[in-house]
Each structure stands twice: as structure tokens, then as C-alpha cells.
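Chemist: Sequence:
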Amino acid sequence: MFESFYERLEQLGIVPVVVLDKVEDAAPLAHALMAAGMESAEVTFRTACAADAIRAMKDAEPDMCVGAGTVLTMEQLAEAIDAGAEFIVSPGFDEEIVAECIAREVPVLPACVTPSEIIRALKFDLHVTKFFPAAQYGGLDTIKALAAPFVGHRFMPTGGVSTKNVEEYLSCPSVIACGGTWMVKPALFADGDFSEVTNEAAAAMAIVRHVRR
0 MFESFYERLE QLGIVPVVVL DKVEDAAPLA HALMAAGMES AEVTFRTACA ADAIRAMKDA
60 EPDMCVGAGT VLTMEQLAEA IDAGAEFIVS PGFDEEIVAE CIAREVPVLP ACVTPSEIIR
120 ALKFDLHVTK FFPAAQYGGL DTIKALAAPF VGHRFMPTGG VSTKNVEEYL SCPSVIACGG
180 TWMVKPALFA DGDFSEVTNE AAAAMAIVRH VRR
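Sequential numbering from 0 applies to the sequence shown in numbering that gives the first Met the number 0.
Some hints could be false.
Derived pair list, reagent style DSSO-like, types lysine-lysine, alpha-carbon separation capped at 30 angstroms [stated by the list, open to error]:
1. K143 / K184
2. K184 / K21
3. K163 / K143
4. K184 / K163
5. K122 / K143
Hints in this document: simulated from the structure, not taken from any laboratory.
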């Protein structure tokens, strides 16, 4: 299930976790990321303009893989899918959200940080899950420990991932990709200049290419 999406996720390597207060920033942010070769974005439902931002990013860069994050309710899920989200990410495991995504054939990455949660995911035939918050739940050591009994299961760690440790994360076979915020922090483009976003994203993608060449 969702194999083609998982293949693309592995190629992307890093998925920027985007929080936007203004929909006007969505298009230039998409351009800045794509210019760096970072061809994805997880737009979080932490602000009121999330759905509109997904639409704007996809309109600005049709080839970009734009998904929705911090999806906590069925209402948010409906908004995200209607806005064109290509994948759904949740900070926890909600069976209703997962079941609806599967029914609608929308790739979903619920967060699983315990053996019991992974078993729940496997019952839905999900073999890739988010690992969040990664730093607080033991980071790579915990991922490796979980990977031992759950052979073949892979994770997308998010939370505490940075330029200091992303290479180590990506070097682990059980890590399919990493989620990160450092290249899309609002402070980088608060003045309307998105060049620093491109610079940070380009540096991150250089790490991806180095690890997975």
C-alpha cells in the first residue's frame, strides 16, 4: 500500500514542516524550496490558512509534493484533501483518520513511537510511520531498537532534527526520510526575502545527496 509514495518519500529525503500565518507567503516559499531541489512541503494545520496555503503552493509549483501535517480531526482531514494535499501526517495515531485516508487512497503517516502503536499501524498495512517528537522519544537509538522486532518498518523522524544530526538519521536504513523545520522557520522570510530558505534547503539537500548517492 502506498508504495509509489514511499519511493518518492525516500527520494525526497527531507520534508520541510511548514507553519504559515499568511497565505501570501505560500507561493514564494514553494518557489524558494523548489529552487533548492527540495520538492516537498508538509503544511501544518496549526494556523487558519493551512488549506489555502496548500492550494497556493500546489498552484505555484505543480510538481511539488505538498501534504498536510498536524491533522488531528476528520474536519481537518476533509479540508486538507479538498485543498489537494497529496499526503497526510498526524502527530499521533487516530484510527478514524487512518481508515479514511486508506479508503480515499491518500497516503498517511501517523506518528508511532511505541511497539503497540506500530502493531496498530501494521494492522492497517502501514509500513512507514512518523516518529514524533523524535528527540524526546530517544531519537535514532529508539528507532533502531524498534526496527529490530519490526523488520522492514521504516520511520520519518521529526522533532529535533537539524543540520547537526540529519546525516546520521538518513544513514540509518530504517529512516525513510526526515521532517524538519530549520529551513522554513518564519524568521528566515519575515522580511519578505526567501533567499535564506533556498540557501538552507540547498544545504540540506546536499546532505541527502551525499548520504544516498
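Chemist: State for each hint whether it applies.
Modeler: Here is what the structure says about each hint:
no. : hint        : result
1   : K143 / K184 : holds, 29 angstroms
2   : K184 / K21  : holds, 13 angstroms
3   : K163 / K143 : holds, 19 angstroms
4   : K184 / K163 : holds, 16 angstroms
5   : K122 / K143 : holds, 21 angstroms
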